[in-house]
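Colleague: Each chain, letter by letter, is given below.
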Amino acid sequence: DQQVKQNSPSLSVQEGRISILNCDYTNSMFDYFLWYKKYPAEGPTFLISISSIKDKNEDGRFTVFLNKSAKHLSLHIVPSQPGDSAVYFCAASGPQGGSEKLVFGKGTKLTVNP
Amino acid sequence: DVKVTQSSRYLVKRTGEKVFLECVQDMDHENMFWYRQDPGLGLRLIYFSYDVKMKEKGDIPEGYSVSREKKERFSLILESASTNQTSMYLCASRTSGYNEQFFGPGTRLTVL
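Protein chains in written order, with the working numbering: chain C, 1 to 114; chain Z, 1001 to 1112.
One chain only, chain Z, in its complex shape:
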């Protein structure tokens, strides 16, 4: 079974803190993705990575950065957390050339 894991299920941070969300996949997938899900807005793509050390902006990259130093790990960084970044964050991965993405369980981030 494909497994995508995320470092935390629930996280509470304060405004201005630097926040790291980690995602690890065990299927040797080339592509990895970070989304946020908000009520009424669906899944919106923040960043994605084709391969190690490669990254591309998604639809809403402002306020976020990413890091992909190893193939299995894709990190999302909130440089200075703000209350409007309170959301459910979802990581996904897939084999290059295939459409289906496999999602992790999500991290519910609350910024106070």
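Only chain C is shown next, with the shape it has when bound in the complex:
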């Protein structure tokens, strides 16, 4: 069973517009969420994270929103740039002292068109 779901395999947006990537989770014990960005032939790089005690975290052009009641988080990129074209993975982690693992979604491929 998939505990972290990214239901959109791909997303295409125009340069300068907003990109919204979505992620749903099923395990209510998850308390920390991360977004990673991955270019082809490279390892994933950490982008932004959010703790379950918050509902928003912002870092420059990137904002992550968390809706605990809906078990849903989203990553907003604004304005989108061609260099943002990559695969984005959502990941979740359990309580501190509990799970040491990250559970990843299957990824969403973002294409930003010039």
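Heads up, some of the hints might be wrong.
Computed list of lysine-lysine pairs in DSSO-like fashion (alpha-carbon distance at most 27 Å, straight line) [stated by the list, open to error]: (1) LYS5(C) x LYS1057(Z); (2) LYS101(C) x LYS1053(Z); (3) LYS5(C) x LYS71(C); (4) LYS1003(Z) x LYS101(C); (5) LYS68(C) x LYS109(C); (6) LYS1018(Z) x LYS1057(Z); (7) LYS1070(Z) x LYS1018(Z); (8) LYS101(C) x LYS1055(Z); (9) LYS5(C) x LYS37(C); (10) LYS101(C) x LYS1071(Z); (11) LYS101(C) x LYS37(C); (12) LYS1070(Z) x LYS1053(Z); (13) LYS1070(Z) x LYS1055(Z); (14) LYS37(C) x LYS71(C); (15) LYS1003(Z) x LYS109(C); (16) LYS109(C) x LYS56(C); (17) LYS5(C) x LYS109(C); (18) LYS54(C) x LYS5(C); (19) LYS1070(Z) x LYS101(C); (20) LYS101(C) x LYS1057(Z); (21) LYS1070(Z) x LYS1003(Z); (22) LYS71(C) x LYS109(C); (23) LYS37(C) x LYS1003(Z); (24) LYS56(C) x LYS37(C); (25) LYS109(C) x LYS37(C); (26) LYS37(C) x LYS1057(Z); (27) LYS1003(Z) x LYS1055(Z).
FYI, nobody ran anything at the bench for these hints, they're computed from the structure. Note that the structure is predicted; figures quoted are calculated from it, not measured.
Based on these hints, arrange chain Z on the given structure of chain C.
Modeller: Okay, now just chain Z, sitting in the frame of chain C:
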């Protein structure tokens, strides 16, 4: 900067060969991980290690083993490579108690 390095970027092996993938991190991290990434399947955890000489099975350990003799090094072993093990292999490390994992560049393994 955290650095996680993997011994090879690209590797081609034959069915039945024993394959060693090496990962080294320079940040004194306690925890290390091996994942494989396949199109449409995301990142799947193969094995992880809490500390030296400790290992735990991940979600897809079949056909793999690991070794962690030194804190900075975590090896993934394919005892008898098969074509369904053709994949991108990613190593990661992190400090115990923190969520963020740092990834290496990956090894693209092709088994013929």
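Colleague: Given the proposed pairing of LYS1003(Z) with LYS101(C), does the C-alpha separation stay at or below 27 Å?
Modeller: holds (20 Å)
Colleague: So if I understand the rule, the pair passes when the alpha-carbon distance is 27 Å or less; does LYS37(C) with LYS1057(Z) pass?
Modeller: holds (25 Å)
Colleague: Hinted pair, alpha-carbon criterion (27 Å max): LYS101(C), LYS37(C). Please report holds or violated.
Modeller: The hint holds at about 18 Å.
Colleague: Verify the proposed pairing of LYS1070(Z) with LYS101(C), using a straight-line Cα cut of 27 Å.
Modeller: Within the cut-off at roughly 21 Å; holds.
Colleague: Under the criterion that the straight-line Cα-Cα distance not exceed 27 Å, is the pair LYS1018(Z), LYS1057(Z) satisfied?
Modeller: holds (20 Å)
Colleague: Can you confirm whether the C-alpha distance between LYS5(C) and LYS1057(Z) stays at or below 27 Å?
Modeller: holds (22 Å)
Colleague: Is the Cα-Cα distance between LYS71(C) and LYS109(C) 27 Å or less?
Modeller: holds (22 Å)
Colleague: Against the 27 Å threshold, does the CA-CA distance of LYS1070(Z) and LYS1018(Z) hold or violate the hint?
Modeller: Distance ~21 Å between LYS1070(Z) and LYS1018(Z) Cα, so the pair holds.
Colleague: Hey, LYS101(C) versus LYS1071(Z), does the alpha-carbon distance stay inside 27 Å?
Modeller: holds (18 Å)
Colleague: Would you mind confirming whether the straight-line C-alpha gap from LYS101(C) to LYS1055(Z) stays at or under 27 Å?
Modeller: holds (13 Å)
Colleague: Within a Cα-Cα threshold of 27 Å, do LYS56(C) and LYS37(C) meet the stated pairing?
Modeller: holds (19 Å)
Colleague: Between the alpha carbons of LYS37(C) and LYS71(C), is the straight-line distance 27 Å or under?
Modeller: Holds: LYS37(C) and LYS71(C) sit about 21 Å apart, inside 27 Å.
The structure meets every hint from the earlier list without exception.
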